[in-house]
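Student: Build out the structure end to end from the sequences listed, making use of the hints.
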Amino acid sequence: MSASILPLVLDNVGYASNGQAIIGGVSLAIEAGASTIILGANGAGKSVLMRLMHGLLEPTSGSVKWSETGHASLRRRQAMVFQRPVMLRRSALANVVYALELAGVEAGEREAQARGALAEVGLQHLAERPARVLSGGEQQRLALARAWALHPEVLFLDEPTANLDPTAAREIETVIKAFDAAGTKIVMATHNLGQARRLGDEVIYVHGGRVVERASIDQFFARPATAEAAAFMKGELPWV
Amino acid sequence: MGVALAAALAGFITVASTTSTEQSGLLRHLLPLFTAQSGIEVRVVAVGTGQALDIGRRGDADVVFVHARPLEEKFIAEGEGVQRFDVMYNDFVLVGPSSDPAGVAGTKDVVAAFRKIHSARVPFVSRGDKSGTHFAELEIWKLAGIDLAKDKGPWYRDTGQGMGPALNTAAGMGAYVLADRGTWLSFRNRAGLAIAVQGDQRLFNPYGVMLVNPARHANVKKELGQAFIDWLISPPGQKAIADYKVGGEQLFFPNAAK
Amino acid sequence: MSAIAEGLRRVFQLDIELWHIVVLSLEVSLSAVLLATLVGLPLGALLAVKRFSGRRGVIVVLNALMGLPPVVVGLVVYLMLSRAGPLGELGLLFTPGAMIVAQTVLVLPIIAALARQALEDAWREYEEQLRSLGAEGVKAALTLIWDARFSLITAVLAGLGRASAEVGAVMIVGGNIDGVTRVMTTAIALETSKGDLPLALGLGFILIAIVLALNAAAQLIKEAAQRRFG
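Chains as they are written, first to last, in this note's numbering: chain A, 1 to 240; chain B, 1001 to 1258; chain C, 2001 to 2230.
Don't read these hints as lab results, they were simulated from the structure. Be aware that one or more of the hints could be misleading.
Straight-line C-alpha distance at most 16 Å; calculated EDC-like pairs for lysine to aspartate or glutamate [as the list claims (entries may be wrong)]:
1) C:Lys2139 - A:Glu120
2) B:Lys1221 - C:Glu2125
3) B:Lys1116 - B:Glu1080
4) B:Lys1221 - B:Glu1080
5) A:Lys177 - A:Glu101
6) B:Lys1130 - B:Asp1158
To spell it out: a stretch of chain C is covered by chain A in this simulated footprint if at least three of its residues, at any positions, have a beta carbon under 8 Å from a beta carbon of chain A; those stretches are [stated by the list, open to error]:
7) 2038–2047
8) 2181–2193
A few chain C residues that face chain B, going by a derived Cβ cut-off under 7 Å, partial list only [said to hold, decoys possible]:
9) Glu2006
10) Leu2075
11) Arg2083
12) Ala2084
13) Phe2094
14) Ser2151
15) Gly2175
Using N, Cα and C, we set each Cβ at its ideal position, and we do this for glycine too.
Tutor: This is how it looks when you write it as structure tokens:
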């Protein structure tokens, strides 16, 4: 029984690119349990913050530390789903198998586990289809299956439904809720207030590259503590 | 089939020769006869005489078979070749447009013909490629007392090409060109060219064969190379050379020392 | 037109000899392209994916080397492989081996430069996802190469086109030896210089037909695979 990789601790993290400061002075801890929504307007720095947490970017100042070190094992235990799913030029099943192969799963077990993951998201009937001809919603579900197949402890999602129509978006939300119920820690960036409400337990509100507010979902929606958050709520009327 | 088998047993030699021996078709006729008798495969790299001698100097060939006597003797004097043997000769012919703008057709004095071409400023194509033919051409200009370095005009086309391309060029621009008879006889694109001057003693074109010096280049296949030379100058080899005809005409005349 | 018809008729009369010339041409050019791909693809992938100081300079030089004149490559390889040169001991000069070496040198920059471009574009699309899944370094490069295989086929075909078309390099290092190093292009050059233009034209048509057939086959394979894999 291996130890949890949480909490993830960010200590005064900053990120600048080409001289431009994008993230500044972020200190927080991501704990197990409650699903966390990273909320903010477009350009607030949510995506960069997600990538810093996932490990795709190195902070230019401060530190990002998981509870357990070791790069290789880390990869398997926290996964990320992007706004635009990137699939390899092979079948849906093969894409999941690829992820399992990278994670070091034994060759004989990969296919069975991959099929199981596809079934979890309702894609088992499309297993042999070339992944790139699937619809946007189906590809995003496939990305979730691919991430899920590794049974990660933490699942990062960067605006996973931003490019999808409402029906497909709903399907994705259903899957995310199922993962949450199964015990995976969800950290999701979104600018969609309705989605935040439906899926999240707590909110981290990001504005201008800084974490400006952090509260439980109910508290945040009832009474945002900061002026920026309030303005954001006013501008983004939940319509779903 | 038997030839290939025999060759596989005895090995091969590399011969640097000239475009005239290849393009006249002589080698196609000659080499299978030698290979059948000896089992030795002969690989010929056919380039200009100057380049063939350079290949020999580099040790990239075992035998050199060219037609520029002064250069061959220099090759031996430098210690690059073992010994020079006479093999055969043919002659050069001065070829030109059938309209004969320089008025030299049918004459026998090639030096006088060159003078006439020069004074009439009629187009003349030179190989300009340090080949045996090129050197022969330069010799005739010298005998005619014409200093090309001073007297070169647009009438003198220095093409830097092999015999075939030079003939193509001459055909294309209605120019005179010095050619070896062998290449001329097998040349297919005559386009209005015809022999203007032939038979002059100074058009005599002797071929010599030399073994590249194994003392200089350890990789030279001296036994196999010498076997080829010996065959060329032997009665069967000499007869094979005399037997080669194009359109009923003999191209090369064997003249190895008896 | 009649020259072409006459040429084709004469070409087919050559039969066995023509067959040897065609087979040798394919052996030399396909071998060169294979070697150039084995070295050039990884080189292109490395340049596409890795950032290092001087990278831009390397890319510029590599692109420029696509325009290497074949006759210059032939001359340099000749000087290297000559007995008087550094690699003379190999005894490769005037053999098909030398021709393969020269064509590999000629074709390598083309395949590497075009592969780099295709893979750099692909990397832009795949980088985040692959790194997120844990694919790094060589594993990522191999995955990228396999996924970009259709664009890479085009790079390889460009290399094949260059190899089958050139005459300068193979003429110098091969010596156009009858029955040993004579290929389509050097045969065409020889027949032209002999003034046998119809035969040269006929050979030229055969050469073009072969290259066309190779390209058509590659296109069919590409389309079939695309249907299967997306």
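Student: Does each hint fit the structure? Answer for all of them.
Tutor: Against the structure, the hints come out as follows:
no., hint, in the structure
1, C:Lys2139 - A:Glu120, "28 Å, violated"
2, B:Lys1221 - C:Glu2125, "60 Å, violated"
3, B:Lys1116 - B:Glu1080, "40 Å, violated"
4, B:Lys1221 - B:Glu1080, "14 Å, holds"
5, A:Lys177 - A:Glu101, "27 Å, violated"
6, B:Lys1130 - B:Asp1158, "11 Å, holds"
7, 2038–2047, "violated (count 0)"
8, 2181–2193, "violated (count 0)"
9, Glu2006, "11 Å, violated"
10, Leu2075, "12 Å, violated"
11, Arg2083, "4 Å, holds"
12, Ala2084, "4 Å, holds"
13, Phe2094, "6 Å, holds"
14, Ser2151, "41 Å, violated"
15, Gly2175, "4 Å, holds"
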